[in-house]
Amino acid sequence: MIQEKRITLKNLGKINPESIDDYINEGGYKAFEKAVGLHHIEIIDEMVKSSLRGRGGAGFSAGLKEKFTSEACLRCEQKYLICNADEGEPGTFKDRIIMENDPHLMLEGMLIAAYAIGASKAYVYIRGEYYKSIDRINKAISAAKEKGIIGKNVFGSAFSVDVEIKLGAGSYLCGEELTLLESLEGKRGYPRIKPPFPAEKGLNGKPTLINNVETLATIPAIIYNGPEWYTSLGTEDSPGTKIFTISGDINNPGYFEVEMGVTLRQLIYELGGGIKDGKKFYAAILGGAAGTFVNESVLDTPMGFDTLKEKGAVLGSGAIMVMSEGRSLFDITNSILEFFKHESCGKCVPCRIGMPQLLHIMENLKNNKIGRVEALDLLLYESEFMAKSSLCPLGQSPILPIKSLKQYFENEF
Amino acid sequence: MNEKLKETFSSFEGKEEELIPLLQKVQENLGFLSDESMEEISRFIRIPASMVYGVATFYTQFRFTPKGERHIMLCRGTACHVKGATRIQEEVENQIGIKVGETSEDLKYSLENVACIGACSLAPCAMVNDTVEANLTPKKVEKIFSISKDKK
Ligand SMILES: Cc1cc2nc3c(=O)[nH]c(=O)nc-3n(C[C@H](O)[C@H](O)[C@H](O)COP(=O)(O)O)c2cc1C
Ligand code: SF4
Ligand code: FES
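Residue numbers (the working numbering), protein chains in the order written: chain A, 1 to 413; chain B, 1 to 152.
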């Protein structure tokens, strides 16, 4: 029986999330205090050594991103740190759990990252519907300001920082980092072309580091315990722990923080209590809508960014949606494609035209105008075309579920 | 100008990057974005009204018609879909007598769809004002909305 290993959820249920004193009594803000006593390059070195990979989905090295942002434009007076709390990937709710239960942990991670890159201003861009999280973060910011943990010359150092909260306005696409910047500047949520990357030209044209809530909430433990401690957890390609959020046809749906390298089988049958109504496992979607379908052949693959990639799957945000026998893959694919069509911003042609086209193929299949094999091939052709020619990652997403259907469920779709 | 609007503006400077927070605050205080509000916002931030509309209509959060006393947002995310969100939607529409996207004439209810609201382990779910209603079944839907009918 595997056990949870909690780093970002270590205080869950142990402290009153609205009490900064509770947080401090559990050793909170010690890592930040340690950090401002070190040179910022030392912090970045530790982060690079920890090999922490971004938890927002793409899995890029958090340390390297800090390094790039820190080194960009040395004479720039203003740099920004943004915490991406716009969580909107279907099936994902890990960031909400962190923010509701331990808002100071995320805040402490933000402060350390801001110090590392030399940002004097930090934003939390949070989903507008997350009322409770917004309330908790607001309270946490005020409390930290009162204690002088956010403000001028924190812990007697030369570092000064301010943190502000901004609310998302209901667009999945705004969770994408460049679109998020547009939204923060008060514009429609249209993506920007990269390069330049935010590390060079981000918010208001200034170097900006954007990290996911879970990524940031991991930083205090790494700085406090050292990178060797962190790399001793998890697997070589994906060290540390990860929160998985499991939903669907399962007995104990919920969130579980475990070391990377556990298997889907362990997550579903040991922590998740098995499939509902004693049924058989049929399929799971890993990573949300912009994720991949897998069948039982992946149940024993260790969870990690690269191990799943080898299987044609993605880890993504850590969402796992489980389906028992009898569920219709067609129906769920249709729902995913509807979601993408709704969220497409319409800025570029391949995605604006491609999304309805994909649904049109689904419609034709439903009405028996085309066969299953032909439909899947058409979907694949269209989504491949979109992946190659769309402007931003949203138009490049439908290929993920579609390709995995072809790989794992060609005869059952 | 509407007093409430004036009061809302007083905590802003009128900078262009404040547009979205300002729209959010106006909607929070006045319930929805009326034509009058939109024009005043355009004057306040000094950008054309067409640009204010351009931004506001892009984001699903903004509404241009009044909200019902009980504003229901039904989740149509993948996890909720797997657990039967379509049937729940039918049942809600039946119970309150309006369709998704509508507000009832007596302004008691309004109904909308949202994408995943991060409560997938409680699927299928909905948000009624700012409370999450979890593990919905047709029976539960009936209960939630008939109780409220009696109260009123
Ligand atoms: C359509 C789309 C939506 C996204 N939504 C989110 C989100 O809600 N939260 C998030 O952290 N990252 C999201 N991302 C990923 C971000 O672009 C970015 O990679 C991430 O915030 C970087 O943080 P990390 O390096 O800590 O993972 C999204 C990406 C795309 C393409
Ligand atoms: S790919 Fe889709 S979401 Fe991205 S810019 Fe093009 S239309 Fe907009
Ligand atoms: S899919 Fe409905 S809450 Fe996530």
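There's no promise every hint is true.
Quick list of in silico lysine to aspartate or glutamate cross-link-like pairs, EDC-like style, CA-CA up to 20 angstroms [to be verified]:
id	chain 1	residue 1	chain 2	residue 2
1	A	Lys187	B	Glu16
2	B	Lys139	B	Glu105
3	A	Lys166	B	Glu17
4	B	Lys99	A	Glu338
The set of hints was computed from the structure by calculation and includes no laboratory data.
Tested hints:
1. A:Lys187 to B:Glu16: Holds: A:Lys187 and B:Glu16 sit about 9 angstroms apart, inside 20 angstroms.
2. B:Lys139 to B:Glu105: The given pair, whose Cα atoms are some 25 angstroms apart, is violated under the 20 angstroms limit.
3. A:Lys166 to B:Glu17: holds (11 angstroms)
4. B:Lys99 to A:Glu338: holds (19 angstroms)
Going down the numbered hints, you'll see the structure goes against just number 2.
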